[in-house]
Amino acid sequence: MNAKTLLVELFTEELPPKALKKLGDAFAQSILNGLKSRALLGAVDGAAGVAANLTTMYASPRRLAVSIADVFSVAPDQPHVEKLMPVSVGLDKDGKATPALIKKLAAKNLSHVDIATLAHESDGKAEQLVYRDMAKGQTLQVGLQAALDEAIANLPVPKVMTYQLADGVTSVQFVRPAHGLLALHGGDVVPVSALGLTASNITHGHRFQGAADIMLDHADEYESKLETEGGVIASFEKRRHEIERLLFERAEEHGTTLGERENYAALLDEVTALVERPTVYAGSFETEFLEVPPECLILTMKLNQKYFPLFHADGSLSSRFLIVSNMRLHNPHNIIEGNQRVVRPRLSDARFFFETDKKTKLADRVPKLANVVYHNKLGSQGERIERVEKLAMTIAVMIGADADLASRAALLAKADLVTDMVGEFPELQGTMGRYYALHDGESPVVADAIAQHYQPRFSGDKLPDSDVALAVALADKLETLAGLFSIGQVPTGDKDPFALRRHALGVLRMLIERNLPLDVTIVVGSALSTFPNAMADAAAQLTTYIFDRLTGYLRDLGYSALEVDAGVSARPPWGEFPARLAAIREFMALPEAQSLAAANKRIGNILKKSDAAIASTDAALLIEPAEKSLHDALLKTKSVFDAAFNTNNFTGALKSLAQLRVPVDSFFDSVMVNAEDLALRNNRLALLNDLHVMMNKVADLSKLAT
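Per the working numbering, residue 1 is the first one in the sequence shown, and the count goes up by one each step.
Rather than coming from a laboratory, the hints here were simulated on the basis of the structure. Nothing here was measured: the structure is a model prediction, and the numbers come from that model. We treat Cβ as the ideally placed atom computed from N, Cα and C, and that holds for glycine.
For each label pair, taking beta carbons as the anchor points, the in silico distance ranges come out as:
| id | residue 1 | residue 2 | range |
| --- | --- | --- | --- |
| 1 | Pro16 | Leu165 | 17 to 23 Å |
| 2 | Ser529 | Met672 | 49 to 55 Å |
| 3 | Phe458 | Lys238 | 28 to 34 Å |
| 4 | Met85 | Asp494 | 39 to 45 Å |
| 5 | Gln29 | Ser111 | 38 to 44 Å |
| 6 | Phe458 | Arg328 | 34 to 40 Å |
| 7 | Ala370 | Pro16 | 37 to 43 Å |
| 8 | Thr551 | Lys377 | 26 to 32 Å |
| 9 | Phe458 | Val693 | 40 to 46 Å |
Straight-line Cα separation of at most 30 Å, DSBU-like style, residue types lysine-lysine; simulated pairs:
| id | residue 1 | residue 2 |
| --- | --- | --- |
| 10 | Lys103 | Lys93 |
| 11 | Lys36 | Lys238 |
| 12 | Lys108 | Lys125 |
Work the whole structure out from these sequences, hints included.
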């Protein structure tokens, strides 16, 4: 079967940089899966389902490639099984083929098969005629052709291009025009084709600093020859690592840093997809530009120029930046000077926008929001601000924040949308509002709330710092949710065009992580009260939606469905959710947990069916030993439970319930709750009610019963 390394490469024009890694991963994985499904892979790890040997993805601006070790030239013969039909239908009483069987065999190209060789196998209902044989394994050419076609068809292409082939007649579609196809099995070309190209053993180097054509004698030469002769680092991961190494090196040379990795990681991926032969040069700009807010300079350098800003040790922005170039030159003077000339007008624009914007106060911009459409059914941003301001004041009062400051921050929160800077850089909304508010002499608390009212913007993002900022951020997100639910714009399936899931999760994070004393039902009602024409069931729908997101949020933290259901059903204060869920998990590990959960569920059902008014337990009416024992155990446990619960030691509280298992089980084994004597019955119900209340103070334990 001759297992060797297989190399497949598609050589193209420059691929979209933000999608390159995803395209490379998908291409490599699809080829790998295609070969695996056709039994063409050699050493395969059955558990992982991938080739045990090295499988390497390559992706550079002008190529997608994969190298897979231990690929067969011909797949092993595979067992072939065809279930034909019941024996009673396929054979007559003399054991000869019926017309139905003859027709079935012909349809499956099995007319040559001797009827006597067909197996008789039971499927549990009837005996079936089964054809068994060994099918010839597929050749690599056939298998790779199918895998390649599948890989190209299934690539997650952002936008397809249609282009003509060299014949001037045939048109094909791909993410970018393809100019080369390489397919090598060891040293042999695999004669496959794609996108009007026929495979060869030739790849291509760097556009300016490498050999145009590189002939490979063996698939294993690919990476090394491309680097030495072609000037190309083909591996995306290796190229990214080299760029980051050079960035650190240059930053250190100038006594600066790149800042937090999370702030430049996306740009690092993007420039890795833009260069094949990376090197890093340092440039600079005039220090006078540092008078502009650093966020503006950083954004214009990263977004427009793909430069890496450099920072001083104290975190302040320096006047230097790093350029990732595709050209390694002994004298990079022209590249550095050219980039410095290009960035200067960009920074000048930022300074102009900033200076111009400061001439008009934020408060004077608010009326202009009436001309900015928010939603065709919900009015303008001006109308929206009125709703957010009203809701922010309500929430501020509920959480003990300054309602006047919350009102002012909400009024000004969107005013920077009509500034020149935010018009050029929408990513700076909120950030610029803070700078302009401070310039206008607004309270720093108001300015910070303007900047933070969009938070959290994504998973893991910071929460607003102050109570005022929290009030405005909650109002902003709840107004969005309430407004869209009021007109029936409810997310369905994967469709969430207004990011309502993100808004709901942001609300929940603020409630839980800041332990805010807010009732969702009340704040949802307050939010919807600003929409007089809201749909009748909007409040119920939105409340349910938020609690559904709560379940998902807690599940994402690693808790099981049972644990989450038990915790959510108890509706504790928001900040107690983490501690209560941790306590539930520890309780579930106790040997007594399932018995107590089942008993709790049974007690709940008994109490639901009773129409008697539940009074307090009268010890004098406890006549059975088992009910006396349970009452005594309950009193002893309650003192321990309450001491733990009142200090938020929820784990200790739940663990104290373990000592109730034996008396609870004994009670249900020997005591008739629904006694004929009404006084005894009501007293036993009261005892069970006391037990039920205590058991469910931390969580609804009945939800843990399996």
